[in-house]
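Read off the chains here:
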Amino acid sequence: MFGFFITLSLLVSSSSYIVEVDSIFERYYESGVSDRIEYRRIRVLRDDSEDQLRSIIASYTPYYNEIQFDFARIVRGGDTIYLDTSLVVDIPAPPELGGTIYWGTRNKIMEVKGLSNGDVLEYRIRRYGGNWLGPTGSENYKTPYPGFFNQIELFGGYEEIKKKVYVLQDLPEKPVRFGIFNGRVKYRKVKSRGNVFHIFESRDNIKLDFEPFAPSRYDILPKVIVTNIPSWRDMSKYEYERSEENLIPDDFVTRTSDSLCSGVSDNSEKIRRLFYFVSDQIRYLGLIESEMEGYEPHKASLTLAKKSGVCKDKAALLVSLLRAQGFKAYYATTAVGMRVEDIPSDQTNHAIVAIEVGPDTYVYLDPTVGSGGRDLMPASEGGQGVLVSRKEGDILRKISSSVAESNRVVVSILNTPRAETLDVILKIRFEGGFDQQFRRIARSGHKNLERYFRWALSEIYKGEIILDSLECSDSYDYSDYFSVTVYAKAINHIQRIGELLLYRPVLAFLGDRFAGFLDFLNEKRKYDLSLRYPFKVEINEVISGIRPNSCPRMKVQKGNKDLYLLSFSAVSDSNTIEFKLHYSFNKSRFSAVEARKLYSDHQAFSYVKNYIAILNGGKE
Amino acid sequence: MMTILSLIILAQLYSPTSAVVKSDVITLKVLGEDLVMSQERKVQVFSEDAREDFGTVIIPFDEEKETIEVIYARTISASGDTINVTPNAINIVTSDVVSSFPFMHSRKELHISFLSITPGATLEFAVQKTTRNFEYIDGIEYFRESVPIEHKEFVIHLPKTSDFKFQIDNKDKFNIKVEVSNSDNYRIYRFTGGPIPPIAQVRRWNTFPPFTLISPYVIYTSFSTWDSLAKYLIKHYLTTGRMPEEKLSYKSLKELCDRIKSPQYLSLSFQGYVPIDTVRALNEFSMTFPEEVFRVISTIAGLFPAFVLRYGFDTLNTPPSLSSICGVIFFDGKEFLDPFKSSPKIKEIRYIGHKVLVLGFSEGSFSPSSWFVAEIPERSLPTDSLYVDLGKQKIRFIRILSDIEALTGRGVSEDDEEEEITRDIKEACRKEFSNYGVVKRISLKIKNRKENDKPYILEGTVKFSSFGWKEGKYWIISLPDFKNIEPEVYPEGIFVDPTGISRNNLRIIYSIPRGFTLEYIPLSAFAETDKYSAGYEIIYGGKTITARYFERFSSRFLSADDLQRIRNEWEKSGLFRNSLTILLKAKG
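As they're listed, the protein sequences go chains A and B. Mapping to the numbering used here: the first sequence position 455 is 467, numbers consecutive. Mapping to the numbering used here: the second sequence position 205 is 259, numbers consecutive.
Source of the hints: derived by calculation from the structure; they are not laboratory data. In this text the structure is predicted, and so the values were computed from the model without any measurement. Quick reminder that beta carbons are idealized off the backbone N, C-alpha and C, glycines included. Treat the hints with care, since some could be wrong.
What the hints assert, rightly or not - Which bits of chain B does chain A cover? Going by a derived footprint, with three or more residues having C-beta under 8 Å, they are: (1) 101–109; (2) 143–149; (3) 308–317; (4) 483–496; (5) 521–527; (6) 534–540.
Said to hold, decoys possible - Taking lysine-lysine pairs in the PhoX-like style, the calculated list, with each CA pair at most 25 Å apart, reads: (7) K517(B) <-> K120(A); (8) K501(B) <-> K536(A); (9) K501(A) <-> K537(B); (10) K536(A) <-> K119(B).
Unchecked claim - Here are a few chain A residues that sit away from chain B, every Cβ distance over 10 Å (derived from the structure): (11) F190; (12) P227; (13) P242; (14) A604.
Chain A with its partners taken away, still in its complex shape (with noise of 0.2 Å):
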């Protein structure tokens, strides 16, 4: 899992500090419990800096670690001022996750005051115990991984960091590995007094800018990942252990799962309909329940009967629920929001269910990101790693990507002009990743689904727009992904000049609402773009029942099949013009250089916006 948190409160991303050292040594046990000491020196760089450097925040579960200020001090030129460590303060911390998840943790803070330019600010803080919520393996703790070792650091972050250095301390009984990621970072080994220390040190390390539709940082950063677990199999073999007795299905699952069912008797409708049951019956709520909060899920009864739970709970429920129906489903685990690296070690956090559909071949559904949608499986998952819990347990395997075709928004705006008005009819199948986004407004309710769709047509034409009616799928149907019919009126889009109407079209417009995030990159582009999922727009305009009079023939096309397509097309006949936008960004992560490449050819393609159709309109 997840390093410890210790931030500095960071308010602004100008720097008035720079991190000069950030020193690790950190020794583990045979239970894979760990006494880690984090030592930072920090020197200001601005009388200014409480907005940045206001106190020092070190996060601890308490059955999973503790963790003890040793001290902290202020050098000011010859004199060194220790801070009082009796008055950090120690507290709970948020709720995690948006505010859904109350797992106990807490923060101990020590707030630090009246820094001044050229200040040298040092502290030292020990830990025992865990890493975020494992490993430990004291009687006081529990542990995710018993016996195992795992941690993953970050070489860089959101503050300057000169110099920093990890120093791990091998148990020869059970020694670690590593990879190092996403960089560079120097290793070395050194043997002292019979001990081994693995050395990993970087400097001029990375300080992250905020950009947006960036990777996370897990992803971008250099990053050492450290284990002691042998295998892929050994995890998933120890995760089938801790989760199974959880997944079987007792009286109460095996009843809610028959009565979900009842009358099926195809296997795929089963399969949908337990799975909506619990991506939309179940909250996601995290409560202490057990003894190890974090990895362990709760007996599938236990969130049938309270209605909630997290991905762990949500995934067991599913997968007891399918069982009860005779299905090979198994409990799962993956991440989200950060790439699983092929190094077996604890990177998950996020369970979902498997289903064995044949042999070695799985079906996934995730009920969990996937709320709400049609699809089983949320398309921001694929190409993500896979860890199914198994018995005899299993390798580490790979959801399916997604591809842009599967997650298409098509359009279809038929406009009929009356005088200056335009009759408008726009129609929109949102597939894939769009099924569940618009799903959501929908069951905001009908009205704010018009009040969507009024807002969104009064940005694309001029004037004045009138709805007259929307209709839409039933967004609890899930037998087809979700439709809109929009009908409307739109009032002096078309402008009459003498015995000309001028016309433009709507489409490039609408597509770029739909493919929001190009307005959010730009020529400096530095980091990598993420987007949640390969798409594709595809928009037809048709403008009918006139006389054009200059409506030229135009095709523009930008781009390459490989990586994204923009293309525009304009037809006409004696008295119909055609319009066709197709957008398909064929992956979902694109390197900085060809986001910068995407946005210079947007800006040419962005050409088309001003295409106006010069059509014969008779006198006024």
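Once you have looked at the hints, place chain B on chain A.
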């Protein structure tokens, strides 16, 4: 491009209307030195989505001086079963603000997470919060929410000898009633309302009107007069015991205010949650925002604290309540100054149209009886100018901005890198100028970046690779148009962004290139209502076309009815028309 209303729409921010508050009863009772607040509430949820929004109740409290107790919390299922909230679903956590402001570590939140919620279930709870040694009673209770309310009661039990003033606003539309009765030594004020429709406008953006404009509410206080309120504020200033030392300079004022640590948005709610504390205010590191403001005033001479009243409030029409104050700025005898924002610009623009209570200074000290009320005036800025050279497909522009945020949506501090600011501004300009054609290059100079008292001046040129639309003999140019206001999208109306008020004039001069003649220009158009006027005038001068745009708001709050009136005027006046201009290529 002239942006009439800078609306930032957050499409994902929806709140469901699929729940109903069956009843909500809040009681305040004075018991000796304690003030006891109790609340009993029942919410019925109708759908899965409402469950996510209403399934956890959060009640803030201050551990230092308040205790809180859950009397009961339970879910009544649609079939009538009672499922009590288990102890593990009642959690006390720290407010998010503490991470940044650790001296506020006593700020806690009680979270009650309801269990076994299914559509049709009713969530019920009762809590009691006791404030020890309370100094005053002061607050606002709103009667409208994002979901319908069937019945709401707000009851105050006060000793008969207590001072108490209250006012109910927006009551007629929503049928709010008050009853005053006596019982033993108490006077009981009972405010009731219901059924009350939900707030229809569920999307929130930076122009969403303040609650006081769209909800019925009771504002109440134990301060008897504005003098006594001023006295209370001044008492705390005086106890800091320092006299003004430095002469006012905008630069030193800005520097001093940049050092303020505590969060304004939190501590400035004077409603008794964090009352000004004389002991805390003696320690620089534990001051709340109001206390820090007093420190600034006591350090710099010639500065008066100006307490901003909520929009539409006046000392004449509002009880003397701390809750009527929504912010604090300074008055230097001539102008209002707002040095607390991250921008280097110090002149006030946020609170345009608000009334302020300025504490006066007489006979060597601030005096409780020498306060006065003023209104923060609109700041008019010079007209923005665009010079369009059509032949060279180039625009030269001069723009004047009170703040960069008006353009980029992001605040800028003096410490930000020049390159970064320029990049952000260029991007914002590129977006605006792309309405004219395909932008090739933008060059830009920013003037007055570090001048505290002058607006930014942006001067630059934009080169286009194509401008407008050329087809055959026609060259069609889009003139800026007014952004459409859709009353149906904003059924609760809008609260106009101050930058929308301050930035309202634009002049564009197009030079017609050789070889082209003017075929068509749109007619000038003007629209006017009691709260709003806008228009454009387009003049053809042989080789040039001059377009002048203006827009004025005489009120920051425009209700849905106001918006409808504006829209009607637009329709009548032609402001809704497309404003394309056509040039014709000369023959031969």
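Do three or more residues from the region 101–109 of chain B put their C-beta atoms closer than 8 Å to C-beta atoms of chain A?
holds (count 6)
K501(B) paired with K536(A) [C-alpha distance capped at 25 Å]:
Holds, at roughly 23 Å.
Given the hinted pair K501(A) and K537(B), is their alpha-carbon gap at most 25 Å?
holds, 18 Å
With the threshold set at 25 Å, check whether the alpha-carbon distance from K536(A) to K119(B) stays at or below it.
violated, 52 Å
Holds or violated: the region 483–496 of chain B covered by chain A, criterion of 3 or more residues with Cβ-Cβ distance under 8 Å?
It holds, with 6 qualifying residues against the three required.
Taking the shortest Cβ-to-Cβ distance between P227(A) and chain B, state whether it exceeds 10 Å.
The claim stands: P227(A) keeps its Cβ more than 10 Å from every Cβ of chain B (closest is about 21 Å).
Cβ contact check, 8 Å cutoff: the region 143–149 of chain B against chain A, three residues minimum
holds (count 6)
For the pair we were handed, K517(B) and K120(A), check the Cα-Cα distance against 25 Å.
violated, 55 Å
Given that the region 308–317 of chain B was listed as covered by chain A, double-check it with a C-beta distance under 8 Å for 3 or more residues.
Since three or more residues must qualify, the claim that chain A covers the region 308–317 of chain B holds, with 4 doing so at under 8 Å.
Minimum Cβ separation between F190(A) and chain B greater than 10 Å?
Check passes; 32 Å lies beyond 10 Å.
Within the region 534–540 of chain B, is the number of residues with a Cβ closer than 8 Å to a Cβ of chain A three or more?
holds (count 3)
Report holds or violated for chain A covering the region 521–527 of chain B, Cβ cut-off 8 Å, minimum 3 residues.
n = 4 at 8 Å, threshold three: holds.
The structure shown violates the earlier hints numbered 7, 10.
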